[in-house]
Amino acid sequence: MNPEISRPWAQREARLASDACRDIDELQGECTVDQRKIRCVAFAKARRFVRQAANSGGVAAPVSESFPRKKIPEHPTSRVDIEVRSGVAFVEPPVGGAE
Amino acid sequence: MTVGRRLAALKRALEAQSEDVMSCARRLLEEPTGPLVLAGVVLQRREVTLLRVASLAMRDANHEDAWTGWALLLMPPYHQDLTTNLNVLSGVCSREVWRDPASAPILSSLLVGFVDHALSMPPIIAERTIDTLGAVPPVALDAFDASRLQDIARRASSVIDAVEEVEIREDLQGSIDTALGAHSPPRPILARSVQVLRARLPIEPGSTEASQLAADASEFLDAYLATVPFGPTPRVLQRVRVISTSRRRPLDDTRIWPAASAWGRFFRDGMLRNSNLDVQMRPAGARPGSFVVDQLVEEQQPPTSILKASDNLFGVLDDTEKVAPAAWRALLDVLSSNDLAVEVRHYWGTTKVAPLKLSRQSIRARRSAIGRAPSSHVESSDVPQADRLEKVFRVVDVVSDGNALSPESLEVVGRQVNYYKRAAKILGLLEEDDTLAAAGRHFTRLNTEDRMRSAAVLFESCAVGEAWISWFGGTTLLDVDPTSAEAFLRERTLGLSGDTPHRRARTLESWWASLTPFHYSREAK
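Line by line, the protein sequences are chains A and B. Numbering of the first sequence is given in our numbering, commencing with residue 1 and proceeding in unit increments. Numbering of the second sequence is given in our numbering, commencing with residue 100 and proceeding in unit increments.
Derived by calculation from the structure, the hints in this document are not laboratory data. Please note that a few of the clues may not be correct.
What follows is a list of derived Cβ distance ranges for each label pair [claimed, not checked]:
(1) Glu264/B - Arg12/A: 41 to 47 angstroms
(2) Glu397/B - Ser18/A: 49 to 55 angstroms
(3) Ser18/A - Gln399/B: 46 to 52 angstroms
(4) Phe329/B - Gln35/A: 50 to 56 angstroms
(5) Glu264/B - Arg85/A: 24 to 30 angstroms
(6) Ala115/B - Ser56/A: 36 to 42 angstroms
(7) Arg12/A - Gly273/B: 37 to 43 angstroms
(8) Ser56/A - Glu397/B: 34 to 40 angstroms
(9) Cys40/A - Pro222/B: 35 to 41 angstroms
(10) Val415/B - Asp81/A: 50 to 56 angstroms
From the three backbone atoms N, C-alpha and C, an ideal C-beta is built for every residue, glycine too.
The shape of chain B in the complex, shown without the other chains:
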């Protein structure tokens, strides 16, 4: 109740732009969940004036959970405001910040990035950063490895060299020397510490505004802590919540993994098509309940680019030019047939992207909008680059025999192994996990001629075959002019450039020439 009253007093002071804001913030910090509630207000309002106050009030907080507030203040994206930076730098010099052995390594890890940022600020901040490095307790530097510290010392030198006053130059150099001298080899963050800290976070909101704010702030911390086992630098975390929309169908593996797989394919393809980002995802954790899968989103681009791209992707879901239509359709199909809904959020530091929520209703509406019409566009990954069908069929035989796919077993050069494996997947002979699909198992029982008859149907109904026939205005493969392959690929396949459409067109032409003699319409005639 008291925390609620103190929160209300802080909000009144903020609205009135009163000078009492600082004293209200300090009183709020005396409450059991004070640091998280204050952080929640800061994150909710995103006002620089409140940030300045909170960063100074936190310095004097003698609170068991002060680490929560400090972690959020040290997280990216970093603030450019002078006062906020000064107050954060001043605050981390307090020994109180570092007294909790579980949170100190986490804060030290976050301080690495903050120092990196602060040294690039104007001299008033850069010089105070150097002062800070000489004033923090040694535990604060635990996460700084030797090369990082040397890099900081090098950058500090250029800051120090620009100072005219000799005594100040010497003082700043003394701070760097102190930091270098106090440094010991970085200690790994113990998984146990991360578990302890995550367990202390009130993730589930209570019924009050204060508890909701605390939960909101905890969400960012929890997302960061989920990435810590992979390294201390804050990374983009994707949190996929899979929800059963049917009370009669509790979640089980047969529904979760297809949904997660369909989501992953859609997201990777969509990011590539929409923003040209080739993202990779690494599993980072999972939780029961409405099942939550955490994944790191990795790319060569900075985290802000990844966040922007995912935000863009979520904004163009109904634009088939920009999403990957086959993957989008597959995702909707998997979710619909398994009575599933998903919510996807991305976190980086104290930033999160507006979530994507695919509810039962929106999935139904979007499937209806897409309809059952053939896709007009295809993914580059759905266009084969494997001219010789007999080697595609050999992929099936090799897998069926339990042998490894290799240049020797397929009698191709090294890089072509993946091309032929991909071609078998495009025709639906092989599953994405490299096991035989039903069509592939059926294939093993057929002679060569029947394989060609079957492959003609599979080609006609696969994504690229269907799109080619549709683009040409035909009904079956026999209606298509094979010389149109390159024009079709250039017009309807995003993600192919340069000579690639020409090379891939050769494969389509080759398959057309091989399969049309065995086409069911021709044989019937």
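One chain only, chain A, in its complex shape:
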């Protein structure tokens, strides 16, 4: 498995929080059992971050967040990163719009 798997996106509209959570689910699914185990809390916190961002109207770029903030001593490179390089991301769907 690629040691750095990612789900980049580039779109005109702000990325929906639900899409971002699906991205995270898929990334987690691509991990091996051991990788998932190490990153269990990191994935949960990344999802929570996206949901909280949606509750606040999304986050504006540039954002570069790592989960966990502190490196895991035995696995210093094991983490989940979220980067927003441009625009706004992790918003709720527009009222009346389809998800």
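Based on the hints, put chain B in the right spot on chain A.
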């Protein structure tokens, strides 16, 4: 030259709202004064988009002076923008931020206030703050004392309790436990560190835009560092620059201290009258050149209230209802007679109030506008509350004999000592520094009757006497109806309320009754 080109590129990217802003900011940070210049642009433009970029670009800056940018990012007033807060919290986890032993204690001190603010933000920020506390190197927590850390832990608990996911709750609690475990007793910030950092700041602007921006950013840092010896929490600093307007008269003590004293009295009285803030000032430092005096401005109200009040005061200088007229006039007189101008600035974190500049021309124009007419209003501090004139005269005798003013020496109860001392100052017998004034020294040579004759003149020409006669429409004390004292005080004295005008009126009536038999007009008749 390169820094200028990189600054220009950043500004072009900002104007074009280009995605190159981040790369331009990063390139600027590679320059020797990069962090200060970038901070200068941020402070100049005050745009949230630039703040977001700068806070993230700073995270990756491997720069000797990165502390300057971090200090400014951690200073109040704190930003409410989510991205900026996320990026600052993320950045302070970098060990690079804390590697300079001189600046690390300063940054730790500023982090205390920032954490306090960030914990009160929405959960997305509050939870990341808790993550940050568990991820920063121990040196970052050096300024957090045990009680502060316990308070943070208590507030964090309520944030953690609201999290539904058990594994996240445990992870957040682990971060707090890490912070508590890594904590050691706070180390005092060494004065030497402050000196070293201030010496590294390019306060004087050069000829380029970049150097001007760096100097602008340095101004805030220098103002904060001037307050650090009094405690790490950012406080309001008042910087009074005294400038000689005469080339033939270099600054010396005989001109600086009267000006500083007149300024202090005007500012305290004006803040009290205009905004009901009873400020105290504490000397915080001084520098030669065009002499600069730094003072902490202290009050029970938050720093933002002090800044707002001083801004208000500077905006109403020509409104005698709102400034303290006697103190304002005294300040203008002192500055004018000593060929001085002043510039006054207030700083708190990255905020500063538009400066007050009293140049030779504006002092002249304002003195002319005030004219030599008697003041129509008086300060509450210029209204005596000491009925018995013989005890006012005793103040002079006690000071003249070199004895201490006390309830015993004046034969009054404790609180009245200050009342009688103040009364002696109101009549001009005692200086503000409690030494005998010329009139007081003269008094020591007079018998009781001559003291009364002299005091009648002094009362008539002091601020409250002059205003009372003017209000009544008279020329001398003899023209005034003594029973009008209370009405006069209620109408023309700001800062007196409740029963106070009634009590103070008794003093005026008493002085009038005691002194008018000795008035020069009556005796001449």
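Okay, the hints, checked on the actual structure:
1. For Glu264/B paired with Arg12/A, a C-beta distance near 33 angstroms fails the hint of 41 to 47 angstroms.
2. Judged by the Cβ atoms, the range 49 to 55 angstroms given for Glu397/B and Ser18/A holds: they are separated by roughly 52 angstroms.
3. Between Ser18/A and Gln399/B the beta carbon distance is about 49 angstroms. The supplied range of 46 to 52 angstroms therefore holds.
4. Range check, Phe329/B to Gln35/A: about 52 angstroms between beta-carbon atoms, so the 50 to 56 angstroms window is met.
5. Between Glu264/B and Arg85/A the beta carbons are some 28 angstroms apart, a value that agrees with the proposed interval 24 to 30 angstroms.
6. One distance hint, 36 to 42 angstroms for the beta-carbon pair Ala115/B and Ser56/A, is violated here, with the actual separation near 28 angstroms.
7. Look at Arg12/A against Gly273/B: about 40 angstroms separates their beta carbons, and that is inside 37 to 43 angstroms.
8. At about 37 angstroms, the beta-carbon gap between Ser56/A and Glu397/B stays in the expected band of 34 to 40 angstroms.
9. Between Cys40/A and Pro222/B the CB atoms are about 21 angstroms apart, so this pair departs from the stated range of 35 to 41 angstroms.
10. At about 54 angstroms, the CB distance of Val415/B to Asp81/A agrees with the hint of 50 to 56 angstroms.
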